[in-house]
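Sequence order for the protein chains is S and E. Mapping of the first sequence onto full-length UniProt numbering: residues 1 to 440, in sequence order. Mapping of the second sequence onto full-length UniProt numbering: residues 1 to 440, in sequence order.
For the record, the hints were derived by calculation from the structure and aren't laboratory data. Worth double-checking, as some hints may not be accurate.
Identical chains blur together in the list; that is why a pair holds if it fits in one copy or across any two.
[Claimed, not checked] Straight-line C-alpha distance at most 25 Å; calculated SDA-like pairs for lysine to any residue:
| id | residue 1 | residue 2 |
| --- | --- | --- |
| 1 | Lys107 | Ile228 |
| 2 | Lys400 | Asn150 |
| 3 | Lys285 | His395 |
| 4 | Lys124 | Pro347 |
| 5 | Lys163 | Ala70 |
| 6 | Lys163 | Leu108 |
| 7 | Lys314 | Ala409 |
| 8 | Lys400 | Arg127 |
| 9 | Lys360 | Gln283 |
| 10 | Lys285 | Ala409 |
| 11 | Lys400 | Pro347 |
| 12 | Lys285 | Leu330 |
| 13 | Lys314 | Trp43 |
| 14 | Lys124 | Gln234 |
| 15 | Lys429 | Gln401 |
| 16 | Lys429 | Asp397 |
| 17 | Lys124 | Gln413 |
| 18 | Lys163 | Pro224 |
The structure presented is a predicted model; accordingly, all values stated were derived computationally and were not measured.
Here is what each chain is made of, one letter per residue.
There are 2 protein chains.
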Amino acid sequence: MAHIPAHSDPARQGAPTTSSRYELLTLGDELLLGLTANAHLTWIGAQLGRRGVQLQRNVTVTDEADAIAAQFRESWARADVVITTGGLGPTCDDRTREVLAAVLGQKLVFDPRTEEAIRARFAKFQRVPTANNLKQAYRFERGEVLPNANGTAPGLWVEQEGKLLIMLPGPPNELQPMFTEQVIPRLAARGKLSDQEAYIQIRSIGIGESALETMFECTFSRSPGLGIAFCAHQGQVDCRISSPDGRYGMEKLRAIASECAALLGDNLLCFGHDSIAQVVADQLKQQGRTLAVAEASTGGMLANAFADLCGACKFFQGGIVSTSNEAKMLMLECPECLLKQHGAVSPECAVAMASGVAEKLGADYGLAITGFSGPCTGGGENPLGSIYIGLHSPHGDWAKQLTYPGPRAAVKQRAINDAIDWLRREVLKETHRIAAPQVN
Amino acid sequence: MAHIPAHSDPARQGAPTTSSRYELLTLGDELLLGLTANAHLTWIGAQLGRRGVQLQRNVTVTDEADAIAAQFRESWARADVVITTGGLGPTCDDRTREVLAAVLGQKLVFDPRTEEAIRARFAKFQRVPTANNLKQAYRFERGEVLPNANGTAPGLWVEQEGKLLIMLPGPPNELQPMFTEQVIPRLAARGKLSDQEAYIQIRSIGIGESALETMFECTFSRSPGLGIAFCAHQGQVDCRISSPDGRYGMEKLRAIASECAALLGDNLLCFGHDSIAQVVADQLKQQGRTLAVAEASTGGMLANAFADLCGACKFFQGGIVSTSNEAKMLMLECPECLLKQHGAVSPECAVAMASGVAEKLGADYGLAITGFSGPCTGGGENPLGSIYIGLHSPHGDWAKQLTYPGPRAAVKQRAINDAIDWLRREVLKETHRIAAPQVN
Chain S
1 MAHIPAHSDP ARQGAPTTSS RYELLTLGDE LLLGLTANAH LTWIGAQLGR RGVQLQRNVT
61 VTDEADAIAA QFRESWARAD VVITTGGLGP TCDDRTREVL AAVLGQKLVF DPRTEEAIRA
121 RFAKFQRVPT ANNLKQAYRF ERGEVLPNAN GTAPGLWVEQ EGKLLIMLPG PPNELQPMFT
181 EQVIPRLAAR GKLSDQEAYI QIRSIGIGES ALETMFECTF SRSPGLGIAF CAHQGQVDCR
241 ISSPDGRYGM EKLRAIASEC AALLGDNLLC FGHDSIAQVV ADQLKQQGRT LAVAEASTGG
301 MLANAFADLC GACKFFQGGI VSTSNEAKML MLECPECLLK QHGAVSPECA VAMASGVAEK
361 LGADYGLAIT GFSGPCTGGG ENPLGSIYIG LHSPHGDWAK QLTYPGPRAA VKQRAINDAI
421 DWLRREVLKE THRIAAPQVN
Chain E
1 MAHIPAHSDP ARQGAPTTSS RYELLTLGDE LLLGLTANAH LTWIGAQLGR RGVQLQRNVT
61 VTDEADAIAA QFRESWARAD VVITTGGLGP TCDDRTREVL AAVLGQKLVF DPRTEEAIRA
121 RFAKFQRVPT ANNLKQAYRF ERGEVLPNAN GTAPGLWVEQ EGKLLIMLPG PPNELQPMFT
181 EQVIPRLAAR GKLSDQEAYI QIRSIGIGES ALETMFECTF SRSPGLGIAF CAHQGQVDCR
241 ISSPDGRYGM EKLRAIASEC AALLGDNLLC FGHDSIAQVV ADQLKQQGRT LAVAEASTGG
301 MLANAFADLC GACKFFQGGI VSTSNEAKML MLECPECLLK QHGAVSPECA VAMASGVAEK
361 LGADYGLAIT GFSGPCTGGG ENPLGSIYIG LHSPHGDWAK QLTYPGPRAA VKQRAINDAI
421 DWLRREVLKE THRIAAPQVN
């Protein structure tokens with residue numbers, strides 16, 4: 001039985017604690033030209049969302065001063081809190097500071113303490129700042145500086161007309177600690193967000209989005225006004241329930257989530273935000289079991305799904321990326337005759353890889369993926385997107401074929417999710433076995 | 001000497017061929033709540049950018065009908081082409097189709113051919129559509145359907161008031177082929193974008209953004225009106241040059257790019273969009289050399305950088321993910337005494353991993369990364385973010401220490417880029433050796 005995390009006081013309302021309207025302006029031609037992903041929307045949106053704030057709007061505009069000014073005027077008129085990212089760098093296309101100061105009728109003033117911080121940072125890397133680096137030492141005359149522990153551009157904090165402007169630097173490793181360590185506490189102190197989680201997420205796998213909606217329909221219909229959102233991604237569907245008008249407390253939301261969980265059975269992945277790899281990792285650690293993986297077409301991403309977890313070394317023995325037949329023979333001891341007869345993309349090879357890597361690394365479970373995932377391989381009997389997954393467990397060895405449409409990256413991610421889900425269900429059987437009373 | 005790709009006719013102007021204003025509306029609460037990344041901005045922005053169109057704005061709003069309607073009205077008034085993504089699904093929070101039809105004063109009509117396609121798609125997976133699936137069979141009365149080869153929600157194409165509305169489904173594997181195969185040709189046919197690349201990108205590594213701007217300043221100052229944009233990411237800096245007002249042709253842009261390349265020397269990665277792994281892959285294939293990798297803290301991402309390339313099996317022998325000391329001993333034959341004396345995060349271990357994996361897989365080059373990359377490891381002599389990279393080449397074996405600040409994901413990507421760059425420079429020496437006349 002999965003556990004619904006208790007979010008503090010059960011009497012606490014699940015509704016957002018703030019009616020503040022937040023808008024996010026992500027600045028930079030590189031975003032509109034697709035040179036860098038707009039990761040700030042995803043990250044800041046999640047940070048706010050968990051604290052009961054739904055970001056109302058995200059706008060990305062070009063680096064042109066006029067476009068920035070026009071958009072900022074609109075957002076400032078509409079929102080209570082405007083967060084900007086990017087455009088604080090040292091180069092000539094970094095204009096955010098100057099443009100926003102002009103719109104708010106503020107002067108920029110040179111901040112000697114920021115200059116000092118910039119010089120200190122350059123000195124740490126045995127370098128001297130150029131003149132354009134020192135552009136970053138200017139702040140709003142009626143505003144504060146948010147020090148940047150990981151870069152030269154400080155953040156800027158401005159309160160004016162009862163509203164908030166928060167300007168953050170573009171690099172994620174500078175923005176993220178600045179946001180969690182400085183911005184969140186300041187916003188919470190002003191009652192602009194909650195310090196608690198505000199919704200419950202039910203994460204499922206193996207059921208389509210519309211089938212899931214139909215499955216939950218009856219349960220949800222008994223609670224009018226419930227906030228419901230579905231989100232499908234790579235074989236998983238998340239359902240998030242909340243109480244937008246605050247009529248249901250966390251205890252009631254948890255009861256509804258439990259009902260959904262009962263309907264889902266083994267298709268319930270977890271409550272909350274854990275990845276499927278994290279769910280399996282917790283199961284394995286609980287049972288004191290270990291895992292090793294072997295992969296071809298997924299190129300290392302299956303191993304990374306586990307290696308990326310905190311405490312991976314407690315259950316994850318390692319992985320082998322065997323793109324060539326030679327590697328399969330040398331590292332996994334796949335018999336050459338088997339590769340010759342059935343090919344590398346076959347159930348026989350998938351099983352040989354899974355059992356080979358488990359034995360080689362002394363792991364209880366072995367998980368393998370082999371297949372064509374395009375765009376420049378495949379053909380013959382195995383269509384593009386054809387994948388075999390192999391599973392070695394203390395109870396046996398099996399292979400399974402999967403076929404996906406779609407582009408390479410999607411096929412890889414989908415295959416990884418489905419392979420890990422197969423492992424999850426197998427490990428879950430072991431949990432049931434342990435939990436079930438022995439009948440003789 | 002790197003090669004600047006010739007973009008067709010040298011007399012062709014490098015300027016955008018269209019003055020059409022494009023706006024992109026990405027719809028879905030899941031984007032604002034950070035549950036899924038706004039990958040459509042990145043992908044569509046890049047597709048348009050390469051064809052001479054700079055997306056003017058991207059707006060993400062909530063799933064509320066009022067918010068969608070208000071934003072669409074604004075964008076429709078301002079832009080010539082409005083592209084929307086998402087909100088065409090079968091569930092109750094998918095409202096885009098209805099809302100936009102109302103704003104444009106159009107009726108939705110049931111499209112029997114789309115119903116047929118939906119039923120056929122469900123039949124293919126041995127399933128029957130539910131009533132909410134058939135919601136997707138409605139189209140604008142004065143509009144066209146863009147068939148969806150990979151999902152149930154068709155795209156919608158509407159021409160009205162001399163403007164274009166293009167509605168695309170949310171899943172990338174449905175949107176992307178629909179965009180390249182149907183939308184791009186239709187836009188090109190209407191003169192709304194070019195079918196040619198419109199700028200030259202100079203990709204560098206090893207030089208900071210402001211130092212690069214200073215380095216190129218003199219060259220750029222001789223060409224007034226040149227479009228210049230810098231974009232720094234994980235140790236690389238891209239500089240994109242174009243001619244926004246069309247005064248410089250492609251030949252002139254190529255000459256300017258060549259000057260920049262001469263200034264960069266070995267710090268030039270490439271012209272265009274190739275990843276650093278692709279650049280090294282091309283070098284290795286040209287020399288008929290092979291590569292194998294071993295990694296710990298990067299968890300499989302180093303292997304994936306190479307395995308993901310088209311034709312990887314021609315040079316990439318495979319990889320080993322050795323998160324545990326046991327794996328290092330079992331698979332890489334790292335001596336136990338060495339691991340005990342120096343630890344797994346040491347130059348000695350990095351060299352042993354690089355030479356071990358090269359020998360094990362019979363590769364000419366071996367590249368290894370070992371290190372702590374946080375958040376739950378590290379300490380002692382090796383601070384968080386401390387990484388050793390090991391390189392085995394036909395000319396010797398070396399290790400190098402790198403220290404990065406920042407969060408885990410950034411440290412991993414940075415370490416991978418720097419490790420591959422070290423390999424690139426080593427392989428480049430070999431190229432210089434082959435090219436240089438022997439002096440006795």
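Each hint, compared with the structure:
no. : hint            : in the structure
1   : Lys107 x Ile228 : neither (46 Å within a copy, 28 Å between copies)
2   : Lys400 x Asn150 : between (47 Å within a copy, 23 Å between copies)
3   : Lys285 x His395 : within (18 Å within a copy, 44 Å between copies)
4   : Lys124 x Pro347 : between (55 Å within a copy, 23 Å between copies)
5   : Lys163 x Ala70  : both (18 Å within a copy, 23 Å between copies)
6   : Lys163 x Leu108 : within (19 Å within a copy, 41 Å between copies)
7   : Lys314 x Ala409 : between (29 Å within a copy, 20 Å between copies)
8   : Lys400 x Arg127 : between (56 Å within a copy, 21 Å between copies)
9   : Lys360 x Gln283 : within (22 Å within a copy, 33 Å between copies)
10  : Lys285 x Ala409 : between (30 Å within a copy, 24 Å between copies)
11  : Lys400 x Pro347 : within (7 Å within a copy, 42 Å between copies)
12  : Lys285 x Leu330 : between (30 Å within a copy, 22 Å between copies)
13  : Lys314 x Trp43  : neither (28 Å within a copy, 38 Å between copies)
14  : Lys124 x Gln234 : between (44 Å within a copy, 19 Å between copies)
15  : Lys429 x Gln401 : within (21 Å within a copy, 45 Å between copies)
16  : Lys429 x Asp397 : within (15 Å within a copy, 48 Å between copies)
17  : Lys124 x Gln413 : between (40 Å within a copy, 22 Å between copies)
18  : Lys163 x Pro224 : neither (34 Å within a copy, 41 Å between copies)
Hint check: violations occur at hints 1, 13, 18; the rest are consistent with the structure.
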